[in-house]
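*Asks:* Listed here are the chains, written in short residue letters.
2 protein chains.
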Amino acid sequence: MTLPHGAVETPIFMPVGTAATVKAVPQNVLEDVGTQILLGNTYHLYLRPGHERIRRLGGLHQFMSWPHPILTDSGGFQVFSLNHLRKVTEEGVQFRSHIDGSAHFFSPEHSMEVQIALGADIAMVFDECTEYPATRERARESLELTMRWAKRSRDYFVAHAEEVPWFAEFDGQTPSLFGIVQGGMYEDLRRESAERLVELDLPGYAIGGLSVGEPREHTRAVIASTLPLLPADKPRYVMGVGYPDEIVEYAAMGVDMMDCVLPTRAARHGLLFTREGRMNIKNQRYAEDQNPPDPECGCMVCGRYTRAYLRHLAMSQEPLGGALNSIHNLYAYLDTMRLVRDSISLGTLAGLASRVRGRSRVHDVS
Amino acid sequence: MTLPHGAVETPIFMPVGTAATVKAVPQNVLEDVGTQILLGNTYHLYLRPGHERIRRLGGLHQFMSWPHPILTDSGGFQVFSLNHLRKVTEEGVQFRSHIDGSAHFFSPEHSMEVQIALGADIAMVFDECTEYPATRERARESLELTMRWAKRSRDYFVAHAEEVPWFAEFDGQTPSLFGIVQGGMYEDLRRESAERLVELDLPGYAIGGLSVGEPREHTRAVIASTLPLLPADKPRYVMGVGYPDEIVEYAAMGVDMMDCVLPTRAARHGLLFTREGRMNIKNQRYAEDQNPPDPECGCMVCGRYTRAYLRHLAMSQEPLGGALNSIHNLYAYLDTMRLVRDSISLGTLAGLASRVRGRSRVHDVS
Numbered sequence: 025m026t027l028p029h030g031a032v033e034t035p036i037f038m039p040v041g042t043a044a045t046v047k048a049v050p051q052n053v054l055e056d057v058g059t060q061i062l063l064g065n066t067y068h069l070y071l072r073p074g075h076e077r078i079r080r081l082g083g084l085h086q087f088m089s090w091p092h093p094i095l096t097d098s099g100g101f102q103v104f105s106l107n108h109l110r111k112v113t114e115e116g117v118q119f120r121s122h123i124d125g126s127a128h129f130f131s132p133e134h135s136m137e138v139q140i141a142l143g144a145d146i147a148m149v150f151d152e153c154t155e156y157p158a159t160r161e162r163a164r165e166s167l168e169l170t171m172r173w174a175k176r177s178r179d180y181f182v183a184h185a186e187e188v189p190w191f192a193e194f195d196g197q198t199p200s201l202f203g204i205v206q207g208g209m210y211e212d213l214r215r216e217s218a219e220r221l222v223e224l225d226l227p228g229y230a231i232g233g234l235s236v237g238e239p240r241e242h243t244r245a246v247i248a249s250t251l252p253l254l255p256a257d258k259p260r261y262v263m264g265v266g267y268p269d270e271i272v273e274y275a276a277m278g279v280d281m282m283d284c285v286l287p288t289r290a291a292r293h294g295l296l297f298t299r300e301g302r303m304n305i306k307n308q309r310y311a312e313d314q315n316p317p318d319p320e321c322g323c324m325v326c327g328r329y330t331r332a333y334l335r336h337l338a339m340s341q342e343p344l345g346g347a348l349n350s351i352h353n354l355y356a357y358l359d360t361m362r363l364v365r366d367s368i369s370l371g372t373l374a375g376l377a378s379r380v381r382g383r384s385r386v387h388d389v390s
Numbered sequence: 025m026t027l028p029h030g031a032v033e034t035p036i037f038m039p040v041g042t043a044a045t046v047k048a049v050p051q052n053v054l055e056d057v058g059t060q061i062l063l064g065n066t067y068h069l070y071l072r073p074g075h076e077r078i079r080r081l082g083g084l085h086q087f088m089s090w091p092h093p094i095l096t097d098s099g100g101f102q103v104f105s106l107n108h109l110r111k112v113t114e115e116g117v118q119f120r121s122h123i124d125g126s127a128h129f130f131s132p133e134h135s136m137e138v139q140i141a142l143g144a145d146i147a148m149v150f151d152e153c154t155e156y157p158a159t160r161e162r163a164r165e166s167l168e169l170t171m172r173w174a175k176r177s178r179d180y181f182v183a184h185a186e187e188v189p190w191f192a193e194f195d196g197q198t199p200s201l202f203g204i205v206q207g208g209m210y211e212d213l214r215r216e217s218a219e220r221l222v223e224l225d226l227p228g229y230a231i232g233g234l235s236v237g238e239p240r241e242h243t244r245a246v247i248a249s250t251l252p253l254l255p256a257d258k259p260r261y262v263m264g265v266g267y268p269d270e271i272v273e274y275a276a277m278g279v280d281m282m283d284c285v286l287p288t289r290a291a292r293h294g295l296l297f298t299r300e301g302r303m304n305i306k307n308q309r310y311a312e313d314q315n316p317p318d319p320e321c322g323c324m325v326c327g328r329y330t331r332a333y334l335r336h337l338a339m340s341q342e343p344l345g346g347a348l349n350s351i352h353n354l355y356a357y358l359d360t361m362r363l364v365r366d367s368i369s370l371g372t373l374a375g376l377a378s379r380v381r382g383r384s385r386v387h388d389v390s
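Sequence lines, in order, name chains H and P. Positions in the first sequence are counted from 1; adding 24 to them yields the numbering used here. Positions in the second sequence are counted from 1; adding 24 to them yields the numbering used here.
Simulated from the structure, these hints should not be mistaken for laboratory data. Quick caveat: nothing in here was measured; it's all calculated off a predicted structure. Glycine included, each C-beta is placed from N, C-alpha and C at the ideal position. Some hints could be false.
[Claimed, not checked] Simulated restraints on C-beta separations:
| hint | chain 1 | residue 1 | chain 2 | residue 2 | range |
| --- | --- | --- | --- | --- | --- |
| 1 | P | Ser121 | H | Asn315 | 27 to 33 angstroms |
| 2 | P | Gln314 | H | Gly58 | 26 to 32 angstroms |
| 3 | P | Pro227 | H | Gln314 | 29 to 35 angstroms |
| 4 | H | Val386 | P | Gly278 | 34 to 40 angstroms |
| 5 | P | Glu193 | H | Ala245 | 38 to 44 angstroms |
| 6 | P | Arg80 | H | Arg289 | 29 to 35 angstroms |
| 7 | P | Gln314 | H | Glu241 | 19 to 25 angstroms |
| 8 | H | Gln308 | P | Phe129 | 23 to 29 angstroms |
| 9 | H | His387 | P | Gly278 | 54 to 60 angstroms |
| 10 | H | Arg289 | P | Pro255 | 38 to 44 angstroms |
| 11 | H | Ala245 | P | Gln314 | 47 to 53 angstroms |
| 12 | H | Gly327 | P | Ser105 | 46 to 52 angstroms |
Sequences and hints are given; from them, build the entire structure.
*Replies:* Pasting the structure below:
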C-alpha cells in the first residue's frame with residue numbers, strides 16, 4: 025500500500041497515537057520497534073490542540089514529528105463512547121467535550137474538514153458506531169444513517185482533499201478516504217452495508233462496530249462473512265482489534281489493517297504480551313525474577329531489563345514502567361505482524377496461527 | 025576519579041535516580057545524554073523494593089541495568105524531609121514510611137548496611153541534615169551528633185565494605201565512603217565540622233545542609249568558606265544543588281560533584297532550561313512556536329520536536345511530555361558540565377561562568 029508519506033507493507037498493525045502521541049513512547053522508539061503507520065484520533069485532536077492549530081503548524085505529521093504514514097479515524101467512535109449527553113440527528117452529532125464540558129457538533133462534513141486539516145494519509149468516513157447489543161430495527165436504522173453519512177463524507181472529501189497542508193509539498197498527491205461497514209451482529213445487514221458501500225468505489229474499506237463488548241465468536245463471524253464482500257484488491261481494515269492471537273487469526277482471514285489501544289493501555293496497567301501468554305508484571309512471583317519479560321523477544325526492553333525491575337517500576341508507579349511496558353508490547357505486536365507477512369510469502373501462515381493460538385491467555389494465574 | 029564501575033571526569037553533575045530510575049528516562053537515554061554517575065536514594069530503595077531484595081538481585085547496578093558508577097545518599101535527608109513524626113535519639117532515627125506508614129529505624133550502622141547491600145561505588149555517612157533556619161545552639165548540637173554518627177558510619181563501613189554484592193566480580197575492589205560537613209549557616213561551626221571530619225581521613229567529602237530553603241548568598245558563602253578546608257586532592261561534593269548558573273559557579277569555585285532533582289522535577293512541571301533562560305513550556309506564547317526548545321542545543325529533543333508540540337504534551341498531561349522535558353534538561357545540565365571541564369583545561373572558565381550567569385532567570389514572563 026503506497027501512501028503519500030511512504031509505503032506500508034500489509035497486513036499491518038497500527039499503534040494508536042490518540043493525542044498526537046502514542047502514550048509514553050517517543051517517536052524515534054516507534055520507528056525502532058517497526059511502526060509503519062500510526063492512528064491519530066480526530067476527536068481528541070479536534071478538542072486539543074485543535075485542528076486549525078495543527079493545520080497552521082503544517083499538519084499532524086509535522087506537528088508531532090512523524091514523517092511516516094498516518095490514518096485518522098472519523099471521531100465518531102469517541103463521540104459515541106466518551107459522551108453520555110450526545111444527541112444524534114440526521115445532520116450530525118451534538119456532544120460535550122470530555123475535557124471541559126463545552127458543547128460541540130460533528131457532521132460528516134465537519135469530520136472531513138477536521139481530518140483534512142490534520143492531513144492524514146488515510147481518512148475515515150463519519151459513521152455511527154452501532155452499540156452492542158442492538159435490536160435488528162436499531163441496527164438497520166443506524167446502518168441507514170451511516171450510509172447517508174458515508175455519501176456526505178465522500179462528497180465533501182472529494183471536493184476538499186487538496187486542502188491537506190502537505191498537498192503542494194507532495195506533488196499534488198491527496199489522502200485516501202475509507203468507508204466503514206456497520207450492521208451490528210446481523211449478517212444480512214452487514215452484507216447490505218458492505219454491498220452498498222462498495223458501490224461508492226472508495227480506495228479502502230473498514231469493518232467497524234466491533235470490539236464494542238460482543239463475544240469474540242461474534243467478532244470472528246462478522247469478519248468472516250463481511251470480508252469476502254469487500255474488494256480483495258483494496259485494503260481491508262478491521263477497526264479496534266485485538267489480542268495477539270486475534271490479529272494473527274484475522275490477518276490469516278485476509279484482513280490487511282488493524283489497530284488497537286490494547287498493547288499500550290494494557291502496558292500502563294502492567295500487562296505484558298509474551299510468547300508464554302499474558303503476564304501481569306505486578307504479580308509477586310516476579311519480585312526476584314531475573315529473566316527478561318520474554319526471553320525470546322528481540323526488543324530493547326527484553327534486551328536490558330528484568331521482570332524484577334519492571335515489577336518494581338510498576339509497584340512504585342514509576343513513569344518509566346509504563347513506557348518500557350508499552351515499548352515491549354508494541355514490539356511484540358509489530359514483530360508478530362512481521363512474522364505474519366513472512367509466513368504469507370513462505371506459505372506457512374496456518375502453522376504460525378496455530379503456534380500463537382492461546383498467547384492471549386493469562387500466563388501467571390497461580 | 026576512578027571508581028569500581030568506571031572512571032568519572034570531574035567536575036560532574038549527577039542525575040538523581042530516586043527509586044532505581046531517573047523518573048521517566050530509560051537507561052540507554054541516560055547514557056546518550058552523557059550521564060557518568062547516578063545518585064540513588066537509600067531511603068526509597070530501603071522501603072521499596074528493599075535493600076535485601078536488591079542484594080539478592082546482584083546489587084543496584086544489576087537490578088536497574090546501570091553498569092556505570094552509582095553514589096547512594098545515606099537516607100538521612102529523606103528521613104528528615106519526608107517524615108513529620110520522626111524521633112531522633114543518640115542511637116538513630118525512628119520514622120514512618122511515607123508509603124504505608126509502617127515504623128522503621130535508621131542508625132548509622134543500618135544506613136551503612138543498606139548502602140553496602142545496594143552496592144554503590146560511593147556511600148555517604150549517615151548525618152543529621154540541620155534544618156534552616158537553626159539557632160547556633162541547635163546547629164552546634166546537630167553538628168556534634170553528625171560527628172559521632174560519622175565515626176560510627178566509618179567504623180561499620182570499614183568492617184563491612186567487602187560485603188558489596190560485586191566484591192568478588194570486581195577483583196576485591198570496595199566502595200568509598202564520603203563524609204558530610206554540617207554546621208548550619210555558621211562559618212565557625214562549618215569550619216569545625218570540616219576540620220574534625222578531615223581527621224577521619226575519608227576518600228571524599230561533601231558539604232551537606234544546603235538547599236534547605238536558605239537564600240543563595242548563604243549557599244555561596246558556606247561553599248566559599250568550607251571548600252578550602254577540604255583536601256583539594258580528594259573529591260569535594262556539594263549536595264542538592266542547583267540551577268544551571270549555580271553549578272557552573274560552584275564548579276569554578278572548586279566543587280567536583282553536584283546532584284539535584286531540579287532538572288527532572290522541573291521538567292515534569294513543564295520547565296525547560298535553555299540558553300535563553302528558564303522556560304515554562306505551558307505558556308500560551310509557545311502554542312504555535314515551531315522552534316525547538318533551545319535552538320542551540322544538541323539534544324535529541326531539540327533535534328526533533330517543537331515548543332508547540334511540547335506545550336501540547338504538557339497541556340494534555342501526556343507522559344511523553346515529562347519524559348522529553350527531562351531528557352532535554354538532563355542534557356542541558358550534563359552538556360554545561362562538559363563545557364565546564366573543557367573550559368578548565370583551556371583556562372577559560374571565568375568567561376563561561378559570566379556567559380551562563382542569569383540562565384536560571386525566567387525567560388518567558390511577558
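*Asks:* Which hints, by number, does the structure contradict?
*Replies:* Per hint list: 4, 5, 7, 10 and 12 violated.
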